[in-house]
Structures are given as structure tokens and as C-alpha cells.
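Hints are included, so try docking the two chains, each in its own frame, into the full complex.
Going down the list, the sequences are from chains A and B. First residue of the first sequence? That's 0 in numbering that gives the first Met the number 0, and the numbers climb one at a time after it. First residue of the second sequence? That's 0 in numbering that gives the first Met the number 0, and the numbers climb one at a time after it.
Any given hint could be a false lead.
[Said to hold, decoys possible] Listed below are several chain A residues computed to face chain B (Cβ distance under 8 Å; list not exhaustive):
| hint | residue |
| --- | --- |
| 1 | 50 |
| 2 | 75 |
| 3 | 76 |
| 4 | 89 |
| 5 | 92 |
| 6 | 100 |
| 7 | 101 |
| 8 | 104 |
| 9 | 105 |
| 10 | 116 |
[Claimed, not checked] Pair ranges (Cβ atoms, derived):
| hint | chain 1 | residue 1 | chain 2 | residue 2 | range |
| --- | --- | --- | --- | --- | --- |
| 11 | A | 134 | B | 346 | 40 to 46 Å |
| 12 | B | 423 | A | 134 | 17 to 23 Å |
| 13 | A | 110 | B | 423 | 21 to 27 Å |
| 14 | B | 414 | A | 120 | 23 to 29 Å |
| 15 | A | 117 | B | 79 | 29 to 35 Å |
| 16 | B | 45 | A | 85 | 39 to 45 Å |
| 17 | B | 277 | A | 60 | 49 to 55 Å |
| 18 | A | 189 | B | 414 | 38 to 44 Å |
| 19 | A | 120 | B | 68 | 34 to 40 Å |
It should be emphasised that the hints constitute simulated quantities derived from the structure, not laboratory data. Each residue gets a CB set at the ideal place from its N, CA and C atoms; glycine is no exception.
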Amino acid sequence: MLSIKNLTASINGTPVLKGINLEIKAGEIHAIMGPNGSGKSTLGKVLAGHPSYEVTGGEVLFEGKNLFDLEPDARARAGIFMGFQHPIEVPGVSNASFLRLAYNKKAEAEGREELDPLEFDDFIHEKIKLVAMKEEFLDRSLNEGFSGGEKKRNEILQMAVLEPKLAILDELDSGLDIDALRVLGEAVNNLQQPDRALLIITHFPRILETIQPQFVHVLSGGRILKSAGKELALELEDRGYDWVLEEAAAGGAR
Amino acid sequence: MTSAVVGSNLLGDLLSRPRPAEWASLREAAERRLAGRELPTTSDEDWKYTDLKALAELSSGPALKAAVDISSYLLPEMVGTRQVFVNGHHAPHASCSSAVPAGVRFFPMSTASEACHALGTVGEGAARDLFEELNTARFVDGAVILVPKNLKVALPLHLLFITKAEAPTVVFPRVLIVLERGAELELVEEHHGEGAYLSCPVVEIRVAEGAILHHERVQREDPEAFHLGTLKAEVAKGGQYHSRTLTFGARLSRQQPWVRLAEGAGTTLDGLALLDGHQVADTHSFILHAEPHGTSHQLHKCIVDGRARAIFNGQIRVAPYAQGTDAKQQSRNLLLSESARVDTKPQLEIDADDVKCSHGATVGALDPEELFYLQSRGLNADDARNLLTYGFAADVLTHIPVASLRRTLRHLVMARTQADSLGDLS
Numbered sequence: 000m001l002s003i004k005n006l007t008a009s010i011n012g013t014p015v016l017k018g019i020n021l022e023i024k025a026g027e028i029h030a031i032m033g034p035n036g037s038g039k040s041t042l043g044k045v046l047a048g049h050p051s052y053e054v055t056g057g058e059v060l061f062e063g064k065n066l067f068d069l070e071p072d073a074r075a076r077a078g079i080f081m082g083f084q085h086p087i088e089v090p091g092v093s094n095a096s097f098l099r100l101a102y103n104k105k106a107e108a109e110g111r112e113e114l115d116p117l118e119f120d121d122f123i124h125e126k127i128k129l130v131a132m133k134e135e136f137l138d139r140s141l142n143e144g145f146s147g148g149e150k151k152r153n154e155i156l157q158m159a160v161l162e163p164k165l166a167i168l169d170e171l172d173s174g175l176d177i178d179a180l181r182v183l184g185e186a187v188n189n190l191q192q193p194d195r196a197l198l199i200i201t202h203f204p205r206i207l208e209t210i211q212p213q214f215v216h217v218l219s220g221g222r223i224l225k226s227a228g229k230e231l232a233l234e235l236e237d238r239g240y241d242w243v244l245e246e247a248a249a250g251g252a253r
Numbered sequence: 000m001t002s003a004v005v006g007s008n009l010l011g012d013l014l015s016r017p018r019p020a021e022w023a024s025l026r027e028a029a030e031r032r033l034a035g036r037e038l039p040t041t042s043d044e045d046w047k048y049t050d051l052k053a054l055a056e057l058s059s060g061p062a063l064k065a066a067v068d069i070s071s072y073l074l075p076e077m078v079g080t081r082q083v084f085v086n087g088h089h090a091p092h093a094s095c096s097s098a099v100p101a102g103v104r105f106f107p108m109s110t111a112s113e114a115c116h117a118l119g120t121v122g123e124g125a126a127r128d129l130f131e132e133l134n135t136a137r138f139v140d141g142a143v144i145l146v147p148k149n150l151k152v153a154l155p156l157h158l159l160f161i162t163k164a165e166a167p168t169v170v171f172p173r174v175l176i177v178l179e180r181g182a183e184l185e186l187v188e189e190h191h192g193e194g195a196y197l198s199c200p201v202v203e204i205r206v207a208e209g210a211i212l213h214h215e216r217v218q219r220e221d222p223e224a225f226h227l228g229t230l231k232a233e234v235a236k237g238g239q240y241h242s243r244t245l246t247f248g249a250r251l252s253r254q255q256p257w258v259r260l261a262e263g264a265g266t267t268l269d270g271l272a273l274l275d276g277h278q279v280a281d282t283h284s285f286i287l288h289a290e291p292h293g294t295s296h297q298l299h300k301c302i303v304d305g306r307a308r309a310i311f312n313g314q315i316r317v318a319p320y321a322q323g324t325d326a327k328q329q330s331r332n333l334l335l336s337e338s339a340r341v342d343t344k345p346q347l348e349i350d351a352d353d354v355k356c357s358h359g360a361t362v363g364a365l366d367p368e369e370l371f372y373l374q375s376r377g378l379n380a381d382d383a384r385n386l387l388t389y390g391f392a393a394d395v396l397t398h399i400p401v402a403s404l405r406r407t408l409r410h411l412v413m414a415r416t417q418a419d420s421l422g423d424l425s
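So here's chain B without its partners, still in its complex pose (with noise of 0.2 Å):
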């Protein structure tokens, strides 16, 4: 296969960077692992819609430390709680944990090495995708957040990764998060950049029995980036995890949540793209209920304008030990253009027999009876298509707890659908 030849010297590029010091045998065995691997093709089944050939193209200059102004990316309720990464490096004049909780430790995993002893066990047994494996490799640096035990986190806490790409560069992102038992957090993940990258963040979360943690994750990366992402998440006896991944930049992207339920605990996966142009968004995810008893929700919204495409891909697996599992998920997708395509595929693979599972999956224009509902209140056809649009999205963002966020989120996604004449519908 030509294109994986080409691809080849990318990954031979970046495992020519030195090996971290910190995590030596994790990163070994990574490399091992990544011995003989080559970049996915379309004729991969999990990439058949994703077609990695421009990011062969990507050189791999080194990621440097470099200086950023932030001011754009802050949020009043969180300026004391933010921890800030800049091309894979901590960025400690930009980062601000005055006000995070006594108790709550969150830093940046250079510092306190010693703190991290679940990196890298998440998920074990788990598929792991190559870049994953790259990451692992060679990630400088990250954030690590761990809540004690019974502590609810008042203050929501702010992860930004910035990359500033001068010269074509790859970054990866790391993060670790140990919720104790009956512990709560809120957490904002945001993913922003300037130029050509490619950024593989790797999230890895362990929620431990009772404890809750709400997670809103943003992507907004450049127009010409790669966004290469794995979650994984393990939530223990009656835990919950609840995440909301945005997804707005990008030429490429794709987003692989991989989540395992024990007894009793609950997920939300909800997630919404907003695409254009030639970008392309993909969502791989996966949850596993390993136990009975566990929940999961999943709402996936996408909506694609010009020559774009949204790819989701759905996996539920309910173990054979899984009774009372109640899985719902539901992939609902707008098309705003002739051109503009969506690949949706729900994956049950059921094996308990006392579960309640449901699934859906809509491709469509807007309906007309909606159309016609507010027009027959004199909006005209355009205002009503772009507040129709704007509610498609906007359904979404309606839960956010982070109020500025919310806001934000809003008037970037009315902007995006050509509402923002209607005013403030926020």
C-alpha cells in the first residue's frame, strides 16, 4: 500500500523525537506495540469513510514551547481553576490554580510524576488505536486532576490546549482524571490552535463508586489541523459520567470515547458537529456494559453544510452478565446541501437477554411542517430555516453548567447557522 509508505515516515518522524524520561516502560511498550504499524487506509474497515492520505502529507517539524495570549479563551467562572498547555508543554504564566478547592489536586503531570500511577491503566484489554499508542510514546506533558474522596468540586475546572504551529507540527495532549469514591467534578476540555498540526489528545478517567463527573469538551481547532482523539473512561459501582463533546474545527477529525459501565453506573455521550467546507468529523465510540444495571444515553447531533461529512459510528455491547441494562441512543444529522454527506451506523451487540436498548438514526432537510409552523407565526423562509438550524444545534449547549460557556458556545453556533441576525436567542 503506497499511502501507508508515505504515512510510514510521519510515524517515523515522530518516534525519532527523544523518549520523555518520565514512564520509560509504559512508553517502551507503546513503541513495541507500535513496531510494524502503519497508518490507517479506507480500506480499514474502521476508517473506511476516513481517509487519513492528507495527513501522510503533514511533515513533523518538533513542537516547541511558544507563547500564546489566552484572553480570548477565558471564562469568568473559571480564571482561578485553569490549567493551560501550549504545543504539548505546560504553560505555568498562562495557568492559574488560585481558586481550585483545598483538596483537589490539579496540575501538570511534570511536576508530580509520583501522583500519576493510573496513567496509562484505563481501559486495559481495550483496543488501542495507533495513535493512542503514539501519544503515549512520546506526550511531554499533561494534566492530571484527582478529587478525593466524597469531595464536591464547587468551581468548575478549565483544561486548555492550545497549539501554535509556526512550521507543520504534531502535539498530544494528555490527560488524567481520578475521581474518588463519591466524589463530583465539573470540567471544561477545550482544544484550540493556529496553522497545519495534528493533535492526538488522549483522555483517560477513572470515576470511582458514587462519584459524578460532568464533562464538556470543545474542539475548535484551526481550519487546516487534525484532530485525532481517545477517551476512556471506567466508571465504577453507581458512578456516572457525563460528557458533551463539541465539535467546530478541524479539517479532519475524529473523536473515539471508549467507556465501561460497572453495576448500576450511568453515562451520557452526547454529541454535536458543525461542519462545512471539506471538513470531516468522525465519531467512533463505544460502551461497554460490563455489569447490570448500567445506563447510557447518547445523543448524537450533526450538521453539514458545503462539502462536508460527519461519520458516526455507534458501538453498545451489553455483556452476557448485563441485565437491566438501559441503553438508548439516538444519531440525528441535518443536511444543509446537495453535497454535504453523513455515514451514521448504530452497533447493538446484545447478549443479556432482560435489557431495555433503543437506537435511531435520522439524515435529513429540515422538516417542512416546522418550517411552515414559524412561518405561519411571520418569520420569513430564511429566518426560519436559521432558527430552525440554530435549535438543532443549540438543543445541545442547553445543559451546559458553565454559564459563559453556554453563552459562548451559542453565539458561535449562531453564527455558524446564519441566526445571529435574529437577535439574542440565547
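Looking at chain A on its own, in the form it has when it is part of the complex (with noise of 0.2 Å):
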């Protein structure tokens, strides 16, 4: 599904991201995990077209197709998502049209039919349950005055609504209490299906209890040290970033 190669990237004429290789198939779900600045949020906003990154070498093809071909927006209706560390407030925007808005872009773009506010209505009232979303946060503006839990709740709605082939959640766990997160985390496995893939990054194992990963991949300094299965987030846990870090270093770059 997605296949990034020796991607470099820089913000400001400064290198973040160092020469990056990862395959995810449909069906998978991967773990980013690393220190702070290592560059793995980087990572995400290079894939969702982030205009202050400059992709400076490399090529991600996503279903066999060039990504950086496409404007933010095409990488959204092509069905890459990605949930902000810091989702934006919008004043004025009610959450219930902008995510009808949204919803009825993609339907355009996919030749689905579009769904007008009643139709709508009923089809949001079984997505807020799913992340267990109070009703009056449809009726507010987007992301206004939400706290950083419900900000988290708003995008993992998005995500129901939009329902994308590749999720990159950055760092889904900030802000969250223990059962909001856990409430989320199973709103995103029961989205995950045999056609869609998740990309997790994530600062803190927690979330990969509750978001079993098959692959864990550290990046640091703007490259993936290490690839491992799931248990590698049980040893990040324990022992924290610093031992990957020096059995790169010994090991010389992979």
C-alpha cells in the first residue's frame, strides 16, 4: 500500500528526515516510536503533504502511485488520513457541516452519493457513539474550546467518517486520560480492516496495548534504527530509547 525509499526530507533548509524505508501492506498496522526530535511526527506531516517540509530526495509511492504528485487534499480523497498530534480550532465552522463537508468531498471524489443534513445526521449519530463523543460536540465549532481529550475524540471521528486505507495517528495518546484512550484505541482496531493499514506514531508504548502493532520501528536522528515486531515495544518500555541508540551507534549505520 505504502512505500517510502530513502525518503529525505528538511524544514528550513534543515534535515530531518535521513534517508527513510518502510513497506506497509493493506492489513498491517506499524508502530513509529523514538525519542523527542527524532523526527517521526516529521515523518507523518511529510505524508499528509505538510507545505513546511521540503522533500528533498527519495520517492513514497502509495498504491503504486507517486505521492508527491498529489496536493494535500488528493492525498485525503486518495484515503490517507492523518490524525493530528494538535488538531487546529476553527471558530465558527460547526464540527456537524465541516464533517459533512468533508465526508461529501470524498463521496464526490470516490462518485458516491453525497449525503444531505438529514441523511447526514443519522449516519453521524452512529459514528459519535463508536468514540463515545457527546452530541453537543457536533453542534460547536470545530475544535473550539475542546479540551486536548476531546480534540483526540474529534479526530479519531474524522477518521470513522472518512474512513481512509492508511491512518498515521500522531501521537494519539497526548492529552488523553486512561479510558479515553482506550476507548479510541478501540475505535481505530475496529476501523482497522484486511484493506486498510495503521501507522502509529507514538512517543510512549501505552497505546500499542490497546493498537497491537506487527511491526515496531524506531526512528531516531531522522532514520529507522530498528525493526522489530510488537515485543519491541514491551523492551522500549523497560528499557527505554537509549540502548537503540548505542546498538546503532556500535553497529555502525544501518
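Okay, here's the thing in C-alpha cells:
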């Protein structure tokens, strides 16, 4: 589904990604872990098309197509979704009408029927149950005055509405208490299907207890230093990141 | 100053209009103060950014009675609670007060001048603008609203000022609102028009102890018109005055709200201006915290496109005795073109030491992070821009209590921000 080859990227002329290689197939769940400043959030933003980052080399294919030929919105309509670490507040636009707009833009792109406000009302009421969101949050302005946890809930609600092929979730657990984390983790699991894939970006292994990855990668200094199965997450929980960095230093660049 | 000489023709024309018989002493006093005054120029600090030269070229014929079709201005919540004025004259056939709750007095000044004893008394001691003086000297008629003690008026009231200028003219809408102790009212005041004209409304408001007034003000004058308005409100102990001024029309407009807060009184003075072409919209506001524990919140937003220009001058004065004052002011401005311009200036004068005062001003384009967020949800760049622009403006409309007005204005904002292709966002 997603094939990243030797990807390099920089921000304001400073290299952040220094040669990333990663293959994600349909049905798989991958976790990217790493210390702060390792470049893991950058990877998510580059894949989603954030304008501040410049891709300086390598290639990324999404379902065989060059991702960098697509604007961020075209990537979204092609089936890529990024759950933001810090979702943006948009005053004056109700959450419900934004969700409907996003849904209909995707439906239009896929040649499916768009939903009118009444039809969408029924649709969204099923979806908010999935993330245990209170109804009042539909009428409020998009993310405005939402707590950190409510914003994350809203991100997963958007994911449930858009049903992406590849969801990249950046630090989903930040700002969430244990209960909310479990609810959202289970919602994400419910959305996962054999033809979809997940890329979980996280500093803490906690979230991986609910959303269990088959592959765990440690990113540091803009490179993937180590890849293994889900047992690596447990090891990182026990031992931190230093040993991976030391091991990589001893073994030289991979 | 040559421009002042040209302008003085306009003033001379206006003062040569016959002086209406009622409130003679009020009018004489205004005329005395007007003697020797001239149209302000950009060398006056207060009018530095707002050039009235074009106004000086406006000739002023008489403001005649005229028939208008008001059907497009009617709002369902207020069909039976409206007073309509056309070219400054009351329009009895267009007005309807059948649903005005008992006890509330809502009528044209011309029918009951004895009920208007508060006229000309609000904001005594405050500076009087030239256009306010002209209004006092020559207004023909106006609306009075009196709400008795403890009456909470269930239906909103609708005040419509319409100008129909076959030939260039000047009109003087006038309003007096008195809320007695504990009274509550929602009022919608709208200004519409056709043609080249100057409208100089003056609104006086007294909110007594514990009374609450919600006031929506909509300015949709003709694109060739001028609108130079003054509002003065005195809010007594524990009273509240909340207003929202929405500026869409006129080639040049200025709003001058002045609010005095007594002990524990509160005000919200929000504003939105949506400008393009060569429009100029100026807001000079003054909030006086005269006594302790008053609260004022002011959010002023402008969206400026084309070669338009917005001016905001927000003065807040906290008197020495006004401890515990809580004043918050924000001026936020969105520039949509290279040639658009905003001049924003907060002016806080604080003479008490135990106060909470904050102010902030932003001028800029849309935030790229916000655009990226919307694009990452599948909206193309144009749709994302239009949605953010719409949201920036619609934010001010969210809490308008009259649903039909809120809807009408949202649709107007959607059309002006090219967000109407995005479906129903309300």
C-alpha cells in the first residue's frame, strides 16, 4: 500500500528525515516510536503534505502512485488520513457541517452519493457512539474550546467518517486519560480491516497495548534504527530508547 | 483648509433645512455648538485614516417621505414588533406593533414627544461628534422604546431604517431606548438603503439597575452611501448592555459607540466588518469604566479585500475609583488582498491599580496550519480558504439570538466569502 524509499526531507533548510525506508501492506499495523525530536512527527506530516517541509530526496508510492504528485487534499481523497497531534480550532464552522463537508468531498471524489444534512445526521449519530462523543460537540465550532482529549476524540471521529485506507495517527495518546485512550484505541481497532493499514506514531508504548502493531520501528536522528515485532515496544517500555541508539552507534549506520 | 470650505456647504445646506418644532431647546443648543464647525479632515487626529472629502461633494437635497417595499427585510420572529422609518420619517403602513407585549412602549417620537424626556441626556459631558450635533439639530422623527420595571420582553423588537434617495440626501435616524430597573430586551436595528446619501444615526440608551439589553446592529447601506453613526449607552449598577455591530454596506462608514459602566455593570461590544472594493469602515469605540467591578468584552473582526480599508480605534478608560475592573479587547483582522489595509489601535488608559485589562490585535492572512488541517481532510485549497474566511466572520454571528436574522446574515457572509458552494454551513 505504502512504499517509502530513501526519503529525505528538511524544514527551513535543516534536514530532518535522512533516508527513511518503510513498506506498509494492506492489513498491517505499524508503529513508529522514538525519542522527542527524532523526526517521527515529521514523517507523518511529510506523508500528509504539510507545506513547511521540503522533500529533498527519495520517493513514496501510495498504491503504486507517486504521493508527491498529489496536493494534501488529493492525498486525503485518495485515502490517506493523518490524525493531528495538535488539532486546529476553526471558530464559526460547526463540527457537524465540517464533518459533512469532508464526507461529501470524499464521496464526490469516489463517485458515491453525497448526504444531505438529514441523512448525514443519522450517519453521524452512529459514528459518535463509536468514539463515545457527546452530541453537543457536533453543534459546537470545530475543535474550538475542546479539551486536548476532546480534540483527539474528534480526530478519530473524522477518521471514522472518512474511513481512510491508510491512517497515520500522530501521538494519539497525548492529552488522553486511560479510559479515553482505551475507547479511542478500540474505535481505531474497529475501523481496521484487511484492506486498510495503520501507522501509529508515538513516544510512549502505552497506546500499543490497545492498538497492537505487528511491526515496531525506532526512529532517531531522522533514520529508522531498528525494526522488529510488537515485542520491541515492550522492551522500549522497560529499557527506554538509549540502548537502541547505542546499539545503532556500535553497529554503524544501517 | 480648502476641503473644509467645500464641506461647509453641506453643513450650511443641512442647517438651512427648517428646524422641526419639537425639542426646540435641544436643537438650539446643538446649533449653537455647531456654529463655526466644519467637516473634519484627515489632519484631525480622530479622522486621520478616514477621509471625508468625498462626503463634501455630496449635495443634500431634502429627505422626502417615500414608499418602499419592505417585504425582503421582514423577519418572522418580529413581524408584529417592528417600527419602520423611511428617509427619517416614520412609515406607519410599513410598521406593525400588534405583537408588542403590553407594558412596552415602542413608537415614533412624533406621536409622544412627552415620553422622550431622556432625549439628549445620555452621555452628557462626553465629547459630541459633529454628526451627532447635526442629527440633534435636524432629525425629523425617531423611535422610542421604553420597557418598564422588571418586564422581560419575550419577543425581540425590530427597528428598520431605510433610505431611498432618488437624489442625494442626508437622513438622521434617531433612537432612544430606556430600560427601567430589572427589564430585559432584545433589539434588532437595521439600516438599509438605495442611492447616494449620508445617514447619521444617533442612538441613546439608558440601562437601569440590573436591566439587560441585547442589541444587534446591522448596517447594509447602499454601496454608494455614507453612514456615520453615534451610539451612547449608560449602564447603571449591575446592568448589562450587549451589542454586536455588523458592517456590510456603505462606501464609507463609521461607528462610534460610547458606553459608560457603573458599579458591577457589564458590556459586550462586538463588531464585524466585511469589506471589499474601495469600502472604508471605521470604528471608534469608547468604554468608560467609571465605577468598580465593571466588565467589558470587545471582539472586533474585519475581513478586508480589494482596496478596502478598516480602521479600529478602541479606547478603554478605567477611572481611578474603578477597582476590580475586568476589560478585554481584541481586534482581529484578515487581509485578503495585497491592497487591503487595516489600521488598528487599542488605547487603554488605566487609573486604577487593581484591574484586569488585556488587549490584543492581529492583522494578517489565513494561517497556513489551519489551511493544511482542512486540506488534510480532503478540501481543496480554495474551499479551505473560503471555509476559514467564512468561519472567521461567522464566529461573530454564532450567538445572535434571533434565528432568522442569524440565518440571513450567515448566508450573506457565505456569499461574500465565496463559501456558498460548500453547502449549508449553518
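The hints, checked one at a time:
no.	hint	result
1	50	holds, 6 Å
2	75	holds, 4 Å
3	76	holds, 5 Å
4	89	holds, 5 Å
5	92	holds, 4 Å
6	100	holds, 6 Å
7	101	holds, 4 Å
8	104	holds, 5 Å
9	105	holds, 5 Å
10	116	holds, 6 Å
11	A:134 / B:346: 40 to 46 Å	holds, 44 Å
12	B:423 / A:134: 17 to 23 Å	holds, 19 Å
13	A:110 / B:423: 21 to 27 Å	holds, 23 Å
14	B:414 / A:120: 23 to 29 Å	holds, 25 Å
15	A:117 / B:79: 29 to 35 Å	holds, 31 Å
16	B:45 / A:85: 39 to 45 Å	holds, 43 Å
17	B:277 / A:60: 49 to 55 Å	holds, 51 Å
18	A:189 / B:414: 38 to 44 Å	holds, 41 Å
19	A:120 / B:68: 34 to 40 Å	holds, 37 Å
In this structure, none of the earlier numbered hints is contradicted; all agree with it.
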